[in-house]
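Going line by line, the protein sequences match chains A and B.
Counting from 0, one number per residue, gives the positions in the first sequence under numbering that gives the first Met the number 0.
Counting from 0, one number per residue, gives the positions in the second sequence under numbering that gives the first Met the number 0.
Just to be clear, a hint being listed does not mean it is correct.
[What the hints assert, rightly or not] Simulated coverage check for chain A against chain B, where a stretch passes if three residues somewhere in it have a Cβ under 8 Å from a Cβ of chain B:
#1 49 to 60
#2 127 to 134
#3 206 to 214
[To be verified] Each computed DSS-like pair below joins lysine-lysine, with the alpha-carbon atoms no more than 27 Å apart:
#4 LYS237/B - LYS90/B
#5 LYS90/B - LYS243/B
#6 LYS15/B - LYS237/B
#7 LYS119/B - LYS216/A
#8 LYS48/A - LYS237/B
#9 LYS243/B - LYS15/B
Please keep in mind that the hints were generated in silico from the structure rather than gathered at the bench.
Owing to the predicted nature of the structure, the values given are computational and were not obtained by experimental measurement.
Note that the Cβ used here is the ideal one computed from N, Cα and C, for glycine as well.
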Amino acid sequence: MSLVRATVRRDLLLAARNPGEWANPLMFFLMVAALFPMAVDPNPEFLAKIAGGVIWVAALLATLLSLDSLYRADVEDGSLEQWLASGESLYAMSLGKALVHWCISGLPLTLMSPLLGVMLHLPEEAYFALFISLAVGTPVLSLLGAVGAALTASLRSGGLLLALLILPLYVPVLIFAASAVYHAGIGMAYNGQVAMLGAMLALALALTPFAAGAALKLNLSR
Amino acid sequence: MWQWLVRLYHRLGSPKWFYEMTERWIFWLALAAGGSAIVGLVLGLLYAPADYQQGDSFRIIYIHVPAALLAQSAYMMMAVAGAVYLIWRMKMAAWVAKVIAPVGAAFCLIALLTGAIWGKPTWGTWWVWDARLTSMLMLLFLYFGVMALQQAMESEEASYKAGAILALVGLVNIPIIKYSVEWWNTLHQPATLKLTEKPSMHPDMLWPLLIMIVSTYLFFALVVILRTRNEILWHERKRQWVRKILES
Numbered sequence: 000m001s002l003v004r005a006t007v008r009r010d011l012l013l014a015a016r017n018p019g020e021w022a023n024p025l026m027f028f029l030m031v032a033a034l035f036p037m038a039v040d041p042n043p044e045f046l047a048k049i050a051g052g053v054i055w056v057a058a059l060l061a062t063l064l065s066l067d068s069l070y071r072a073d074v075e076d077g078s079l080e081q082w083l084a085s086g087e088s089l090y091a092m093s094l095g096k097a098l099v100h101w102c103i104s105g106l107p108l109t110l111m112s113p114l115l116g117v118m119l120h121l122p123e124e125a126y127f128a129l130f131i132s133l134a135v136g137t138p139v140l141s142l143l144g145a146v147g148a149a150l151t152a153s154l155r156s157g158g159l160l161l162a163l164l165i166l167p168l169y170v171p172v173l174i175f176a177a178s179a180v181y182h183a184g185i186g187m188a189y190n191g192q193v194a195m196l197g198a199m200l201a202l203a204l205a206l207t208p209f210a211a212g213a214a215l216k217l218n219l220s221r
Numbered sequence: 000m001w002q003w004l005v006r007l008y009h010r011l012g013s014p015k016w017f018y019e020m021t022e023r024w025i026f027w028l029a030l031a032a033g034g035s036a037i038v039g040l041v042l043g044l045l046y047a048p049a050d051y052q053q054g055d056s057f058r059i060i061y062i063h064v065p066a067a068l069l070a071q072s073a074y075m076m077m078a079v080a081g082a083v084y085l086i087w088r089m090k091m092a093a094w095v096a097k098v099i100a101p102v103g104a105a106f107c108l109i110a111l112l113t114g115a116i117w118g119k120p121t122w123g124t125w126w127v128w129d130a131r132l133t134s135m136l137m138l139l140f141l142y143f144g145v146m147a148l149q150q151a152m153e154s155e156e157a158s159y160k161a162g163a164i165l166a167l168v169g170l171v172n173i174p175i176i177k178y179s180v181e182w183w184n185t186l187h188q189p190a191t192l193k194l195t196e197k198p199s200m201h202p203d204m205l206w207p208l209l210i211m212i213v214s215t216y217l218f219f220a221l222v223v224i225l226r227t228r229n230e231i232l233w234h235e236r237k238r239q240w241v242r243k244i245l246e247s
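If we strip away everything but chain A, and leave its shape as in the complex, we get (with noise of 0.2 Å):
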């Protein structure tokens, strides 16, 4: 366990200190959000109808962004053939990169949701869901993202793989979580899909990093 803590410390240190690393995904997420008022129509009902499933697509591709280097640095290193070494499980390891993911991707993401809220006219009473989803579904995002993350890690060209493998296992995800902001904005009962969300959350926690430790031992037989 102490291995675990020392790595999730060591990462929320490096975060700390480097902050494009946290700070990149942030801006790209208000940019792609940005294009869709300039692309499609700046009109403010229509951007209220469609607010949810925008913020929700740009929170998806940036938490895909920052994916890519999860497990990296940690390959290229050696740290990976530390933790093999060491004994340690690697589902507790890997469970906690995700976390450390979690925390330097989905969790700004989840405080800043409510600016692009305003950007894109969000009905008031959506608010609340939104903030609420993100917090609930980014989560999901970082810990599968994490298995194709442990998968392409010793890969030279493994940003474009990873979105290719996981971009399909989101499709639930965004489905509930973009559903239950649309209802809030239009005044219905959303916890339905906040429910729906958090049993995926309870899944994936459970599951996902015992895929992930798999993957990780297959950077070693390369």
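Once you've looked at the hints, dock chain B against the given chain A.
Just chain B now, with coordinates in the frame of chain A:
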């Protein structure tokens, strides 16, 4: 029975046994697949009555439904074969999983294309964002992901393992994707065949469909066996028994 299964499993692990065994199966499999395809298509295209609403355009069902069924079960077979490889390190399973991927993707594509062709006269559009279509599209993307990942890996062993892990993650996700999109939006007619209910189709229409489904599965088995045999020949090319075959 159990003993027999265990013995069969151990034998299946031997490339040589598989190669020699399937030598005899190929002809009969091809005959059965081809024969049932001819019977099913003739019955379906010429003798089945036209649908009272959709007219003759419904006849594409005899390609569409078998392909869609097969595309889904092929993914399951690929994931199971991958799991067998991950757990027991059985090389044959890895080769089978590898050769299933492109075949399954091809059937997925056939299902999507025939669906589009069927959708034009029935719904008036090639494509709608309907639950079933969307989940088939996602299935196609999952197939592409597995194939792309296997191709990108440098070592062969890593490519098998990575493909298997991804296929298993996808397998858990398929039902979630299916139900989430179904809940999201559906326009598609309900499933033609359900195991738990009496079919809603007239027997004259149903029989050709069942025959076509059997035929498609036989064809799939044939293709997978042929492709697996190629994999065996390639990987065992330095073995004595393969050399003997290649020389003769």
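Verification of the hints:
With 0 residues having a beta carbon nearer than 8 Å to a beta carbon of chain B, the stretch 49 to 60 of chain A misses the requirement of three or more and the stated coverage is violated. Figure legend: the stretch 127 to 134 of chain A, annotated as covered by chain B; annotation inconsistent (0 residues with Cβ-Cβ distances under 8 Å, at least 3 required). Requiring three or more residues with a Cβ within less than 8 Å of a Cβ of chain B, the coverage given for the stretch 206 to 214 of chain A holds, as 5 such residues are present. For the hint pairing LYS237/B with LYS90/B, the CA-to-CA distance comes to about 16 Å; that is within 27 Å, so the pair holds.
A hinted pair counts as satisfied when its Cα atoms are at most 27 Å apart, and LYS90/B with LYS243/B qualifies at roughly 22 Å. For the given pair, LYS15/B sits about 13 Å from LYS237/B by alpha-carbon distance, which is consistent with the 27 Å threshold. Between LYS119/B and LYS216/A the CA atoms are separated by roughly 48 Å; this puts the pair beyond 27 Å, and the hint is violated. Note on LYS48/A and LYS237/B: the hinted pairing is violated, with a Cα-Cα distance of about 64 Å set against a maximum of 27 Å.
For the proposed pair LYS243/B and LYS15/B, the alpha carbon gap of about 12 Å is at most 27 Å, so the pair holds.
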